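S.K.: First residue of the sequence shown? That's 2 in our numbering, and the numbers climb one at a time after it.
What the hints contain is simulated information worked out from the structure, not anything from laboratory work.
All of these numbers come straight from a predicted model, not from anything done at the bench.
Some hints could be false.
What the hints assert, rightly or not - Label-pair distances were calculated between CB atoms; the ranges are:
(1) Arg9 / Gln42: 39 to 49 angstroms
(2) Glu6 / Gly69: 30 to 40 angstroms
(3) Thr47 / Lys70: 27 to 37 angstroms
(4) Glu17 / Gln45: 20 to 30 angstroms
(5) Ser55 / Glu11: 18 to 28 angstroms
(6) Ala62 / Glu11: 16 to 26 angstroms
(7) Ser51 / Glu14: 23 to 33 angstroms
(8) Lys7 / Ser34: 42 to 52 angstroms
(9) Glu74 / Lys7: 45 to 55 angstroms
(10) Glu20 / Ala68: 36 to 46 angstroms
(11) Ser34 / Pro12: 36 to 46 angstroms
Glycine is no exception: its CB is placed at the ideal position from the N, C-alpha and C atoms.
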Amino acid sequence: MDTMEKIRFEPPEVFEPTEIQIDILRAVAGLRSCHIRDVVQMLQGTRSESSVRSGVHTLLAKGCLDAGKATSEIVLRLTSRGRILLQPPKAS
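Work out the full structure: start from the sequences and follow the hints.
M.R.: As structure tokens, this is what we get:
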């Protein structure tokens with residue numbers, strides 16, 4: 002009787018951020034204490050509010066941003082994974 006599920010060894014999925022996600026990371030990196038509303042205001046001229054909020058949600062889920070509660074709002078912080086995404090690609 003074979004009831005065990007086969008183990009799959011697949012390489013980890015590489016996260017490729019979109020242009021808006023890079024813009025969000027840059028905005029958060031440039032501010033010491035950054036709220037979601039601050040990022041929305043900074044990118045308001047070029048990006049819609051819903052796309053910015055969606056991008057923030059994705060970056061939080063992927064571990065590129067960290068969020069902490071301060072008073073009544075969430076403060077965004079860049080993680081080491083987010084900093085790596087902001088570095089220029091190395092030439093081989």
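S.K.: Run every hint past the structure and note whether it holds.
M.R.: Hints, verified against the model:
{"no.": "1", "hint": "Arg9 / Gln42: 39 to 49 angstroms", "result": "44 angstroms, holds"}
{"no.": "2", "hint": "Glu6 / Gly69: 30 to 40 angstroms", "result": "38 angstroms, holds"}
{"no.": "3", "hint": "Thr47 / Lys70: 27 to 37 angstroms", "result": "29 angstroms, holds"}
{"no.": "4", "hint": "Glu17 / Gln45: 20 to 30 angstroms", "result": "25 angstroms, holds"}
{"no.": "5", "hint": "Ser55 / Glu11: 18 to 28 angstroms", "result": "27 angstroms, holds"}
{"no.": "6", "hint": "Ala62 / Glu11: 16 to 26 angstroms", "result": "20 angstroms, holds"}
{"no.": "7", "hint": "Ser51 / Glu14: 23 to 33 angstroms", "result": "25 angstroms, holds"}
{"no.": "8", "hint": "Lys7 / Ser34: 42 to 52 angstroms", "result": "48 angstroms, holds"}
{"no.": "9", "hint": "Glu74 / Lys7: 45 to 55 angstroms", "result": "46 angstroms, holds"}
{"no.": "10", "hint": "Glu20 / Ala68: 36 to 46 angstroms", "result": "22 angstroms, violated"}
{"no.": "11", "hint": "Ser34 / Pro12: 36 to 46 angstroms", "result": "37 angstroms, holds"}
Figure legend: structure checked against the earlier numbered hints; the only hint not met is number 10.
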